[in-house]
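The numbering of the sequence shown is the working numbering, which starts it at 46 and goes up by one.
It should be emphasised that the hints constitute simulated quantities derived from the structure, not laboratory data.
Even for Gly, the Cβ is constructed at its ideal location relative to N, Cα and C.
A portion of the hints provided could be inaccurate.
[What the hints assert, rightly or not] Label-pair ranges, simulated between beta-carbon atoms: (1) Arg320 x Ala93: 28 to 34 Å; (2) Ala145 x Arg81: 31 to 37 Å; (3) Asp115 x Ile222: 17 to 23 Å; (4) Thr211 x Asn140: 18 to 24 Å; (5) His234 x Lys129: 51 to 57 Å; (6) Pro66 x Leu167: 20 to 26 Å; (7) Asp185 x Lys213: 22 to 28 Å.
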Amino acid sequence: MKRKVTKAIFPVAGLGTRFLPATKSIPKEILTLVDRPLIQYAIDEARAAGIKEFIFVTSRGKSALEDYFDDAPELEASLRKKGKTELLEALQATNMDSGAIAYVRQNRPLGLGHAVWCARKLVADEPFAVILTDDVIAADKPCLQQMMEAHAETGGNVVAAMEVPTEKTSSYGILDIESENGQMVKVRHMVEKPKAEEAPSNLAVIGRYILTPEVMNNLNQKKEGAGGEIQLTDAIAEELTKGNPVYGFRFRGQRYDCGSKAGFLQATVAFGLARPDLRDEFAGFLSDIMAMQKAAE
């Protein structure tokens, strides 16, 4: 019998150096796309997939993340008094039940695998999800929910996958495909950040995972991989050597790499244009900007 996945790990210990000076005092995960921080998009996706326990792997300077999910009784009372019902509902949607969130520290930046390993005692012997907040995915059905439905059929380890340009394979974990069945591919091998000429395909792993507890056991070995870091990809690939299945899932949706400035700006534009209350004014502004740039050329 397949065990239901109810726990998710959110590795949020990174320093966000690509967004300095903003991230000098504000965690990158609190930066907003329109009016919601990156972490809220990740939490909402996890909730839609049936996640009940949320595990944050943090580091120094991340206390704003903890504060964000607390109740704000004075602010709520003010909104209630002023009759601002919509804002009150939006605010209350960010609250988390006591005990639903746990925080553990990653004291040194030793890689994604190490960050996930830091949550081992909270995961225990259960399957778990991992969500990287840098990867924001716009989809009619949330990406992790799509993966949960696929995982209910296959079991094993499931990673979100998408095609990337060959010249960018060195930035991703890349799948060596054994067979394909619709959106699901069976994985023969996984390689972390291969050179373009050595990549077995251009099907890359992006920031959504459903993993068995055996992967956490593999991380216990603390093997160094690419970049001298403990790589999650390597721990998942080790399951293949034991005959345990790993699947890549081609999700339906648009992924934005909000760990980069260009990706963050692209996501801001896309999410802004998707908002009925902003679309017309924002689209008009963008058209004017493009016309001005064209005229200047």
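Structure-based check of all given hints:
For Arg320 paired with Ala93, a C-beta distance near 19 Å fails the hint of 28 to 34 Å. A hinted range of 31 to 37 Å is violated for the C-beta pair Ala145 and Arg81, which are about 19 Å apart. For Asp115 and Ile222, the hinted distance range of 17 to 23 Å is not satisfied, since their beta carbons lie about 45 Å from each other. Distance hint check: the CB atoms of Thr211 and Asn140 are about 45 Å apart, inconsistent with the given range 18 to 24 Å.
Roughly 54 Å separates the CB atoms of His234 and Lys129, a value that falls within the hinted 51 to 57 Å. A hinted range of 20 to 26 Å is violated for the C-beta pair Pro66 and Leu167, which are about 33 Å apart. The hint said 22 to 28 Å for the Cβ distance between Asp185 and Lys213, and at roughly 26 Å that hint holds.
In this structure, the earlier hints numbered 1, 2, 3, 4, 6 are contradicted, and the remaining ones agree with it.
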